[in-house]
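Below, each chain spelled out in residue letters.
There are 2 protein chains.
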Amino acid sequence: MFVYVVMYRTSTLMRLRLLEQNFLYEHLRHYYKTLNPNSNFRAIIGLRLQSICKLHTMALIDTAATMIFTSSSSSSSTARLLLFNNTKLHKFPNTISNFRRSTSLHFGTSSPTSRTIVTHCSSSPASAIQVNNETLATVIDGKRVAKDIREEIAVEISRMKEEIGIVPGLAVILVGDRKDSATYVRNKKKACDSVGINSYEVRLAEDSTEEEVLNHISKFNDDPSVHGILVQLPLPSHMNEQNVLNAVCIEKDVDGFHPLNIGRLAMRGREPLFVPCTPKGCIELLHRYDIPIKGKRAVVIGRSNIVGMPAALLLQREDATVSIVHSRTKNPEEITRQADIIISAVGQPNMVRGSWVKPGAVLIDVGINPVEDPECARGYRLVGDICYEEASKVASAITPVPGGVGPMTIAMLLSNTLLSAKRIHNLR
Amino acid sequence: MFVYVVMYRTSTLMRLRLLEQNFLYEHLRHYYKTLNPNSNFRAIIGLRLQSICKLHTMALIDTAATMIFTSSSSSSSTARLLLFNNTKLHKFPNTISNFRRSTSLHFGTSSPTSRTIVTHCSSSPASAIQVNNETLATVIDGKRVAKDIREEIAVEISRMKEEIGIVPGLAVILVGDRKDSATYVRNKKKACDSVGINSYEVRLAEDSTEEEVLNHISKFNDDPSVHGILVQLPLPSHMNEQNVLNAVCIEKDVDGFHPLNIGRLAMRGREPLFVPCTPKGCIELLHRYDIPIKGKRAVVIGRSNIVGMPAALLLQREDATVSIVHSRTKNPEEITRQADIIISAVGQPNMVRGSWVKPGAVLIDVGINPVEDPECARGYRLVGDICYEEASKVASAITPVPGGVGPMTIAMLLSNTLLSAKRIHNLR
Numbered sequence: 001m002f003v004y005v006v007m008y009r010t011s012t013l014m015r016l017r018l019l020e021q022n023f024l025y026e027h028l029r030h031y032y033k034t035l036n037p038n039s040n041f042r043a044i045i046g047l048r049l050q051s052i053c054k055l056h057t058m059a060l061i062d063t064a065a066t067m068i069f070t071s072s073s074s075s076s077s078t079a080r081l082l083l084f085n086n087t088k089l090h091k092f093p094n095t096i097s098n099f100r101r102s103t104s105l106h107f108g109t110s111s112p113t114s115r116t117i118v119t120h121c122s123s124s125p126a127s128a129i130q131v132n133n134e135t136l137a138t139v140i141d142g143k144r145v146a147k148d149i150r151e152e153i154a155v156e157i158s159r160m161k162e163e164i165g166i167v168p169g170l171a172v173i174l175v176g177d178r179k180d181s182a183t184y185v186r187n188k189k190k191a192c193d194s195v196g197i198n199s200y201e202v203r204l205a206e207d208s209t210e211e212e213v214l215n216h217i218s219k220f221n222d223d224p225s226v227h228g229i230l231v232q233l234p235l236p237s238h239m240n241e242q243n244v245l246n247a248v249c250i251e252k253d254v255d256g257f258h259p260l261n262i263g264r265l266a267m268r269g270r271e272p273l274f275v276p277c278t279p280k281g282c283i284e285l286l287h288r289y290d291i292p293i294k295g296k297r298a299v300v301i302g303r304s305n306i307v308g309m310p311a312a313l314l315l316q317r318e319d320a321t322v323s324i325v326h327s328r329t330k331n332p333e334e335i336t337r338q339a340d341i342i343i344s345a346v347g348q349p350n351m352v353r354g355s356w357v358k359p360g361a362v363l364i365d366v367g368i369n370p371v372e373d374p375e376c377a378r379g380y381r382l383v384g385d386i387c388y389e390e391a392s393k394v395a396s397a398i399t400p401v402p403g404g405v406g407p408m409t410i411a412m413l414l415s416n417t418l419l420s421a422k423r424i425h426n427l428r
Numbered sequence: 001m002f003v004y005v006v007m008y009r010t011s012t013l014m015r016l017r018l019l020e021q022n023f024l025y026e027h028l029r030h031y032y033k034t035l036n037p038n039s040n041f042r043a044i045i046g047l048r049l050q051s052i053c054k055l056h057t058m059a060l061i062d063t064a065a066t067m068i069f070t071s072s073s074s075s076s077s078t079a080r081l082l083l084f085n086n087t088k089l090h091k092f093p094n095t096i097s098n099f100r101r102s103t104s105l106h107f108g109t110s111s112p113t114s115r116t117i118v119t120h121c122s123s124s125p126a127s128a129i130q131v132n133n134e135t136l137a138t139v140i141d142g143k144r145v146a147k148d149i150r151e152e153i154a155v156e157i158s159r160m161k162e163e164i165g166i167v168p169g170l171a172v173i174l175v176g177d178r179k180d181s182a183t184y185v186r187n188k189k190k191a192c193d194s195v196g197i198n199s200y201e202v203r204l205a206e207d208s209t210e211e212e213v214l215n216h217i218s219k220f221n222d223d224p225s226v227h228g229i230l231v232q233l234p235l236p237s238h239m240n241e242q243n244v245l246n247a248v249c250i251e252k253d254v255d256g257f258h259p260l261n262i263g264r265l266a267m268r269g270r271e272p273l274f275v276p277c278t279p280k281g282c283i284e285l286l287h288r289y290d291i292p293i294k295g296k297r298a299v300v301i302g303r304s305n306i307v308g309m310p311a312a313l314l315l316q317r318e319d320a321t322v323s324i325v326h327s328r329t330k331n332p333e334e335i336t337r338q339a340d341i342i343i344s345a346v347g348q349p350n351m352v353r354g355s356w357v358k359p360g361a362v363l364i365d366v367g368i369n370p371v372e373d374p375e376c377a378r379g380y381r382l383v384g385d386i387c388y389e390e391a392s393k394v395a396s397a398i399t400p401v402p403g404g405v406g407p408m409t410i411a412m413l414l415s416n417t418l419l420s421a422k423r424i425h426n427l428r
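Residue numbers (this note's numbering), protein chains in the order written: chain A, 1 to 428; chain B, 1 to 428.
I should point out that these hints are in silico values taken from the structure, not numbers from a laboratory.
The structure presented is a predicted model; accordingly, all values stated were derived computationally and were not measured.
Check each hint, because a few of them may be wrong.
Stated by the list, open to error - Below, a list of computed lysine-lysine pairs in the DSBU-like style, where the Cα atoms sit at most 30 Å apart:
| hint | chain 1 | residue 1 | chain 2 | residue 2 |
| --- | --- | --- | --- | --- |
| 1 | A | Lys330 | B | Lys179 |
| 2 | B | Lys189 | B | Lys330 |
| 3 | A | Lys330 | A | Lys147 |
| 4 | B | Lys330 | A | Lys330 |
| 5 | B | Lys219 | B | Lys189 |
| 6 | A | Lys294 | B | Lys330 |
| 7 | A | Lys219 | A | Lys143 |
| 8 | B | Lys143 | B | Lys330 |
| 9 | A | Lys190 | A | Lys161 |
What the hints assert, rightly or not - If you want the ones that stay clear, here's a sample from chain A, every Cβ over 10 Å from chain B, calculated:
| hint | residue |
| --- | --- |
| 10 | Glu152 |
| 11 | Gly263 |
| 12 | Gln348 |
| 13 | Tyr380 |
Where a beta carbon is used, it is the ideal one built from N, C-alpha and C, also for glycine.
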């Protein structure tokens with residue numbers, strides 16, 4: 001058994017440059033586990049030694065290799081380090097082997113593709129070596145899950161209609177002409193139609209008064225055919241958002257943003273009437289993919305009232321050990337790297353790099369960020385908070401953007417509306 | 001400048017045995033900072049090498065020393081490692097010096113006492129070396145702070161009486177004959193008297209009905225001379241605590257346990273009417289001791305509705321990066337050890353050991369746990385969740401038990417009652 005340390009230049013492995021030693025060990029162990037311990041294999045451990053070539057790094061690589069082989073059951077195991085930059089090699093003459101080129105390198109378990117990587121070293125000319133691609137994370141298919149949920153909801157609604165002759169109703173209030181808001185509202189209406197929820201829409205001009213909005217809310221509060229009321233945010237700046245949202249009666253607050261709901265969500269032994277849609281969708285994805293939460297370390301990045309904070313409270317309710325990382329956090333990478341489950345909701349494209357992710361972690365990406373891309377017809381494409389390309393090589397599961405959390409939000413809105421109708425009509 | 005690594009056997013330093021490397025660095029840096037960088041000093045870094053004497057440990061010590069001296073401004077600094085077990089020394093012949101015994105070792109800055117420590121090593125017989133004791137943490141004197149706050153409240157109340165002829169009123173409802181509850185209620189009454197708050201007390205028999213309690217709450221809700229209502233918990237088991245607490249009108253809920261209050265506490269941009277007394281007291285202690293919270297790592301141990309959860313929300317409001325550790329957390333020591341601020345509220349005597357604490361951390365101990373002690377007149381004494389003896393040698397500040405958070409809870413109840421009266425009467 002041999003461990004070779006190979007410097008190569010894929011963007012994936014360059015992340016190791018920034019790693020703490022603890023993470024390096026974990027990383028090495030992770031790779032080790034993916035290899036068949038009974039075969040006479042060689043592992044590749046990539047380090048961009050040009051950047052980190054310091055005395056202590058080499059000592060650490062050596063230590064790491066020793067640790068791996070100490071924990072291995074094979075008594076004949078040997079650690080060999082293959083370093084592509086030998087300027088400091090003389091510092092540890094006894095423990096670090098001299099440069100040797102590897103010709104056949106197996107990496108990961110079952111990935112079908114392989115790619116050619118060019119390595120550079122000071123003791124030999126650049127050489128091309130063949131490595132298998134890394135095992136990629138399971139893609140958490142929010143689109144499919146949301147579709148399943150919509151189908152389940154449709155079944156329940158037709159049962160409800162049959163049994164008591166009532167279908168759930170959702171009222172949406174849209175103020176102003178924001179294009180994105182109009183799109184959201186249109187999508188919500190479409191989703192309601194698809195499952196059999198009646199939707200009621202009120203569109204008010206940008207210069208409407210707060211009182212007009214409050215009047216409409218009040219009417220919907222009293223309307224027995226409406227089970228959920230949704231005020232599309234943001235409201236025009238001349239309105240007090242808090243006043244408007246507080247006017248929605250708590251039994252119809254399908255958004256779940258009422259402080260009383262949030263308070264109940266935070267408290268043990270209390271039950272919220274509604275759980276906010278996006279964080280509920282995140283947890284639902286974990287459940288549907290059988291990802292255990294209890295006892296896991298979870299990091300929520302972002303602490304908004306709409307996603308981050310309620311997501312943290314939900315994870316806590318499921319017995320995760322939760323940390324919230326936010327703009328004032330001094331070492332977000334370090335903390336995030338400890339997480340078994342990461343939920344990111346900050347709105348920063350590609351902020352969470354591969355180096356932030358513990359091998360095997362589960363990543364839920366709430367961010368939907370447009371970035372310029374002249375190759376796209378619209379001139380931009382949507383990316384998440386998590387750098388998918390890097391993180392998907394480290395994580396065990398990840399939501400894509402788009403097609404991850406996005407479709408779940410509306411599915412959960414439908415679910416909350418159905419829940420409300422069932423509660424109001426004392427069904428099951 | 002020299003760094004010596006000395007193995008010795010105090011219980012305090014044996015904790016290093018379990019440390020992660022990252023923590024080791026931090027530890028070393030911490031010690032380094034406590035020494036005068038301009039003098040020709042020697043630092044002691046304690047490691048129980050018998051337990052951890054492995055190749056990688058030495059590499060890490062070496063790395064650590066290198067890092068420390070790289071970050072030091074002195075160009076003439078040298079790292080010297082003094083190892084008391086040299087079985088593996090040959091592995092790093094160039095970087096680790098051979099065994100040398102130190103005779104004068106300075107440790108910490110200003111501690112007056114010193115003690116003798118026996119060291120063991122394989123290359124020389126056991127020897128006695130003299131080290132100064134560690135610097136002890138600042139004791140956060142909750143009793144004194146609570147007294148200050150009571151005095152401030154008394155001044156405000158007499159001003160209020162002068163200006164509008166009204167004094168705050170606090171109503172307490174006690175059901176049953178629990179001795180501890182009776183004591184708490186008596187103490188609250190006494191504290192009210194001391195600052196000039198009118199207290200109203202209702203005592204009901206153990207077998208009273210829930211309705212009777214609700215009737216009393218309703219009367220106090222309507223009574224304009226009552227500004228705060230407190231139902232002493234726990235209630236007899238035949239009553240629904242949630243129903244009873246929900247009956248207290250939110251404007252008089254000085255305990256701050258109403259879900260609406262908790263929801264507002266959790267939400268950014270919202271303000272709770274009242275903050276629960278014990279967590280409010282914890283944060284007040286930090287403020288009064290000028291301990292910065294913003295950007296700090298905070299760990300709250302315990303997630304009760306009464307202390308742990310609201311304490312976490314409060315720390316979060318002050319821009320700390322908060323993690324909540326609870327009974328389902330798999331590695332509480334490891335997480336707790338990352339914290340700059342620890343608030344412990346679990347009710348487990350001495351659960352948080354010295355090894356759980358990062359050097360320089362601030363410790364707020366909410367636990368008040370009786371442990372048997374035949375030497376005490378009562379047969380028991382009170383200890384906190386944090387092992388004071390060990391932790392006070394590592395922390396920079398710590399609350400004692402008793403005399404730490406305890407006295408703050410009642411002070412904050414008085415503060416909330418005053419706040420309520422001022423709000424109801426539109427004062428400032």
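Status of each hint after checking the structure:
1. Lys330(A) x Lys179(B): Roughly 47 Å between the alpha carbons, so the hint for lysine 330(A) and lysine 179(B) is violated.
2. Lys189(B) x Lys330(B): violated, 42 Å
3. Lys330(A) x Lys147(A): violated, 40 Å
4. Lys330(B) x Lys330(A): holds, 24 Å
5. Lys219(B) x Lys189(B): The given pair, whose Cα atoms are some 20 Å apart, holds under the 30 Å limit.
6. Lys294(A) x Lys330(B): holds, 10 Å
7. Lys219(A) x Lys143(A): Status violated; Cα separation ~34 Å.
8. Lys143(B) x Lys330(B): violated, 35 Å
9. Lys190(A) x Lys161(A): Given that 30 Å is the threshold and the Cα spacing comes to 19 Å, the pair holds.
10. Glu152: holds, 30 Å
11. Gly263: Violated: least Cβ distance 3 Å, not greater than 10 Å.
12. Gln348: holds, 17 Å
13. Tyr380: The claim holds: tyrosine 380(A) sits with its nearest Cβ about 29 Å from chain B, beyond 10 Å.
In this structure, the earlier hints numbered 1, 2, 3, 7, 8 and 11 are contradicted, and the remaining ones agree with it.
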